[in-house]
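Asks: Residue numbers (our numbering), protein chains in the order written: chain A, 1 to 128; chain B, 1 to 157.
Just so you know, these hints were derived from the structure itself, not from any lab.
Some hints here could point you the wrong way.
To be verified - Short derived list, chain A residues pointing at chain B, Cβ under 10 Å: (1) Met-68; (2) Asn-71; (3) Lys-79; (4) Lys-100; (5) Ile-107.
As the list claims (entries may be wrong) - Here are the computed lysine-lysine pairs in the DSS-like style, where the Cα-Cα straight-line distance is at most 25 Å: (6) A:Lys-89 to B:Lys-140; (7) B:Lys-150 to A:Lys-25; (8) A:Lys-79 to A:Lys-25; (9) A:Lys-89 to B:Lys-150.
Note that beta-carbon positions come from the ideal geometry of N, C-alpha and C, so glycine has one too.
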Amino acid sequence: MPDTSPPLAVVQNKDVRVVEFTNSKILDEANIAAIQETLNALIDEEQFPKLLLDFSTVDHLSSAALGMLINANNRIKQKNGQLRLSNIKPQIYEVFVITKLNKLFRIYPERAEALGSFTGAQQQQQPQ
Amino acid sequence: MPSKQRIGSAAATERSADGSTRVRTTFASDFNVARDVQRQILAAVAGHGFDAQSTFAIKLALEEAFVNAIKHGNRLDPAKQVHVDTTVTDEQAEIIIEDEGPGFDRTCVPDPTAEENLDKCSGRGILLMEAYMSSVEYSKNGRRVRMVKKNGADGKA
Numbered sequence: 001m002p003d004t005s006p007p008l009a010v011v012q013n014k015d016v017r018v019v020e021f022t023n024s025k026i027l028d029e030a031n032i033a034a035i036q037e038t039l040n041a042l043i044d045e046e047q048f049p050k051l052l053l054d055f056s057t058v059d060h061l062s063s064a065a066l067g068m069l070i071n072a073n074n075r076i077k078q079k080n081g082q083l084r085l086s087n088i089k090p091q092i093y094e095v096f097v098i099t100k101l102n103k104l105f106r107i108y109p110e111r112a113e114a115l116g117s118f119t120g121a122q123q124q125q126q127p128q
Numbered sequence: 001m002p003s004k005q006r007i008g009s010a011a012a013t014e015r016s017a018d019g020s021t022r023v024r025t026t027f028a029s030d031f032n033v034a035r036d037v038q039r040q041i042l043a044a045v046a047g048h049g050f051d052a053q054s055t056f057a058i059k060l061a062l063e064e065a066f067v068n069a070i071k072h073g074n075r076l077d078p079a080k081q082v083h084v085d086t087t088v089t090d091e092q093a094e095i096i097i098e099d100e101g102p103g104f105d106r107t108c109v110p111d112p113t114a115e116e117n118l119d120k121c122s123g124r125g126i127l128l129m130e131a132y133m134s135s136v137e138y139s140k141n142g143r144r145v146r147m148v149k150k151n152g153a154d155g156k157a
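All chains, please: the whole structure from these sequences, using the hints.
Replies: Given below as C-alpha cells:
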C-alpha cells in the first residue's frame, strides 16, 4: 500500500527550519522525490534558507537519498543559505564517511549544537 | 527433500537439503516487485542468523543493485527482465543480479569521492555496494553482478 503521509515534519526554531524525516527508510524513488519536493519548497520560500535536517528517525538510506541531500545542499548554497545535519546514527554516518560526504556536509551529533552553529541572521538580511 | 515456498508473486524461496536457502526469480523491470524480492532475500538472511551489521550491508547493496539493474541497466523498460539468484547459508549470502541492458565498464565510472565530484548527485551506488559487501564482481559486460557477504564480516569502511 502506498504511504501517503507527508515525508517530512517541519518545526520552526527562530529563523531555522528543523526538518525531521517521518519514514525510517529513505530508499525508494517515490519517497525520495517527495522529500526533495518538500525540501525544495522550503528552500525556495526563504531568501537565505537555514535548514537543519534531523536524522534521528532514519535507519536506512540509499545513494539516491544522498543525491537528494546534495541537491538540497547545492540549492541552499546558491541562495547563500545554510544547511546542517544532526543526530545521524552511527550505521548511517558510516555511509557518509565511505562516500566522503562528511566533508561536504556540516554534521553535528546533537540538534542543539547544530542549531548553535547557524550564523548571522541580521547581517544576511541587510539590504544589498 | 527440498521444500519450495512461493511468497506473494515475486520469487520462489527454496530450502535445500544441505540447509541453504535459495531465492530465484526473473521479473520485469518494476521497483515494486524488486522490493518484494528484496524482502524475501532479507527473510532468508534473517533465517540464517545474520547479524544486524551484515543485514544492513545486504539491504543497502540490494537496494543499489536493483536500482542499477532496473534504472541504469534496463532503463525502466518493462519488456526487459531482471534475473536474481541468491543462495544463503549460515556463513554467507551470495547474490547474483543480471539485467538485459547494454552493460557498463566499471573502470569508466568516475570516483564520487574525488574532491571535484563530491557535490555531484549521482555515482555512489557502486561505491556503497563495494564498501559494504565482502566481494563484488561484474561479468557479462557489466550486466551481471555477483555480490557475496560473509556473515559477521564488517564493511570495508
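Asks: Take the C-alpha atoms of Lys-79 (chain A) and Lys-25 (chain A), compute the straight-line distance between them, and say whether it is at most 25 Å.
Replies: With Cα atoms ~29 Å apart, Lys-79 (chain A) and Lys-25 (chain A) exceed 25 Å; violated.
Asks: When you check the alpha-carbon spacing of Lys-89 (chain A) and Lys-140 (chain B), does it fall within 25 Å?
Replies: Judged against 25 Å, a Cα distance of about 37 Å means the pair is violated.
Asks: With a cut-off of 10 Å on the beta carbons, see whether Lys-100 (chain A) makes it to chain B.
Replies: holds (4 Å)
Asks: Next item in the hint list is Met-68 (chain A). Is there a CB on chain B closer than 10 Å to its CB?
Replies: Check passed: Cβ of Met-68 (chain A) comes within 8 Å of chain B, closer than 10 Å.
Asks: Classify the hint on Lys-79 (chain A) as holds or violated, based on whether any CB of chain B lies nearer than 10 Å to its CB.
Replies: violated (15 Å)
Asks: Given Asn-71 (chain A) as an interface hint, is the shortest Cβ-Cβ distance to chain B below 10 Å?
Replies: Because about 5 Å separates Asn-71 (chain A) from the closest Cβ in chain B, which is inside the 10 Å limit, the hint holds.
Asks: Straight-line Cα separation of Lys-150 (chain B) and Lys-25 (chain A) no greater than 25 Å?
Replies: holds (24 Å)
Asks: Lys-89 (chain A) and Lys-150 (chain B) were given as a pair; does the straight-line alpha-carbon distance stay at or below 25 Å?
Replies: Holds - the C-alpha atoms of Lys-150 (chain B) and Lys-89 (chain A) are around 23 Å apart, at most 25 Å.
Asks: Given Ile-107 (chain A) as an interface hint, is the shortest Cβ-Cβ distance to chain B below 10 Å?
Replies: violated (14 Å)
Of the numbered hints listed earlier, those contradicted by the structure are 3, 5, 6, 8.
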